[in-house]
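Novice: Okay, here's what each chain looks like letter by letter:
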Amino acid sequence: MEIVDVRTGIRKKVIITRAEIGDFKTLTKKRYSFSWKTIRELTAVYKLCIEGNDDIFGVIGLINWSEEKRIEIKLLASSAENIGKEKHYSGIAGCLIAFACREAVIQFGIEACVSLVPKTELIEHYMNNYYMQNAGRQLYLDGPNLMKLLKNYL
Amino acid sequence: MRTRKTNTKYTPEDLAESIVFPVSLTKIQKKTAGKQLADARRRTQKVMTEDERMSLSIFQLKFQLEDYIQNKNFDADKTFGSFLRQYVESLNIKRKRFADEISIDETLLSQFINEHRMPPDYIVIRLEIHSNNSIPANYWFRLVEKQREHELNNNKEIRKREKRFVHRKLAIAV
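Here the protein sequences line up with chains D and F, keeping their order.
My numbering puts the first sequence at residues 1 to 154.
My numbering puts the second sequence at residues 1 to 174.
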């Protein structure tokens with residue numbers, strides 16, 4: 001998986017791994033939008049780093065609903081300098097969502113599903129950016145759309 | 001949880017490109033949302049083609065293989081034979097037909113699947129070609145190597161047997 005340096009167009013390989021206890025000291029609200037320390041009790045938290053660089057560029061909190069063969073994205077944040085028009089890198093959220101899809105496929109195969117509960121004003125954008133389908137209250141990826149996202153980001 | 005500041009600073013498009021906010025639902029909303037999602041997923045499963053199902057199964061095998069060969073630990077259940085069995089099953093065809101498709105005898109295929117024989121290089125190349133390059137030959141090769149390394153490291157019998165052929169050994173050990 002790769003993210004793109006917006007200024008130079010250079011692609012950088014990223015690695016997504018489980019956040020370790022020590023990481024939560026650096027996962028501050030100021031840089032990563034949420035208080036991840038309090039969230040780690042409820043979700044499995046993964047961090048995205050550029051290969052060979054320990055700095056964290058994005059974080060995702062996942063809940064595994066294994067009985068439903070589904071992984072829920074409870075929350076996700078790119079680091080502050082990677083949000084908005086002036087962002088340094090693009091593709092951070094896409095890589096993290098693709099990671100959730102990959103995990104779902106590993107565990108659930110053809111029935112794999114990734115879902116999230118969106119803020120109403122963001123629904124259309126998630127659908128346009130990440131091939132998400134609308135199921136009413138929730139957005140989700142499964143089947144062909146999930147594969148489309150995987151092919152785009154892996 | 002503080003989100004208002006972030007919300008006002010960026011456009012909805014910027015936010016959707018970078019953030020998923022936690023949204024709480026009431027008990028009733030959760031129930032409705034669960035039912036809506038289950039219905040939607042059922043519809044997807046219903047209209048999915050055989051090719052799409054096969055693609056997802058191949059993705060699953062590929063990711064499992066990737067994770068296993070990158071992981072240092074050996075798992076006796078994750079062998080060349082077990083992954084090959086999973087590959088053939090994901091194609092949804094009889095073993096005989098698959099053996100024909102890669103021009104080997106069905107008996108030889110069974111020997112690979114049942115761990116009675118390790119694959120020569122030409123087999124992993126044929127598997128790569130058969131998967132239309134979806135699963136590279138080096139994945140299969142590294143899987144076989146991992147298995148061979150484990151067997152070599154733990155085979156006391158071969159050490160006992162070969163010891164008698166070594167007539168002199170170094171006096172030092174580092």
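Keep in mind that the hints were calculated from the coordinates and are not lab data.
Treat the hints with care, since some could be wrong.
Computed list of chain F residues with no C-beta within reach of chain D, every gap over 12 Å [said to hold, decoys possible]: (1) P22; (2) D39; (3) L56; (4) L61; (5) G81; (6) D100; (7) E106; (8) T107; (9) L108; (10) F141; (11) I158; (12) K163; (13) A171.
A few chain F residues that face chain D, going by a derived Cβ cut-off under 7 Å, partial list only [what the hints assert, rightly or not]: (14) D14; (15) V20; (16) F21; (17) Q36; (18) E52; (19) S55; (20) Q70; (21) K72; (22) F74; (23) A76; (24) R168; (25) I172; (26) A173; (27) V174.
Every residue, glycine too, gets a C-beta built ideally from N, C-alpha and C.
Novice: Could you run down the list of hints and mark each one as holding or not?
Specialist: To see whether the hints hold, each was checked on the structure:
no.: 1; hint: P22; result: 5 Å, violated
no.: 2; hint: D39; result: 8 Å, violated
no.: 3; hint: L56; result: 4 Å, violated
no.: 4; hint: L61; result: 9 Å, violated
no.: 5; hint: G81; result: 20 Å, holds
no.: 6; hint: D100; result: 25 Å, holds
no.: 7; hint: E106; result: 26 Å, holds
no.: 8; hint: T107; result: 29 Å, holds
no.: 9; hint: L108; result: 28 Å, holds
no.: 10; hint: F141; result: 21 Å, holds
no.: 11; hint: I158; result: 35 Å, holds
no.: 12; hint: K163; result: 43 Å, holds
no.: 13; hint: A171; result: 43 Å, holds
no.: 14; hint: D14; result: 5 Å, holds
no.: 15; hint: V20; result: 4 Å, holds
no.: 16; hint: F21; result: 5 Å, holds
no.: 17; hint: Q36; result: 4 Å, holds
no.: 18; hint: E52; result: 5 Å, holds
no.: 19; hint: S55; result: 6 Å, holds
no.: 20; hint: Q70; result: 11 Å, violated
no.: 21; hint: K72; result: 15 Å, violated
no.: 22; hint: F74; result: 19 Å, violated
no.: 23; hint: A76; result: 19 Å, violated
no.: 24; hint: R168; result: 46 Å, violated
no.: 25; hint: I172; result: 38 Å, violated
no.: 26; hint: A173; result: 36 Å, violated
no.: 27; hint: V174; result: 31 Å, violated
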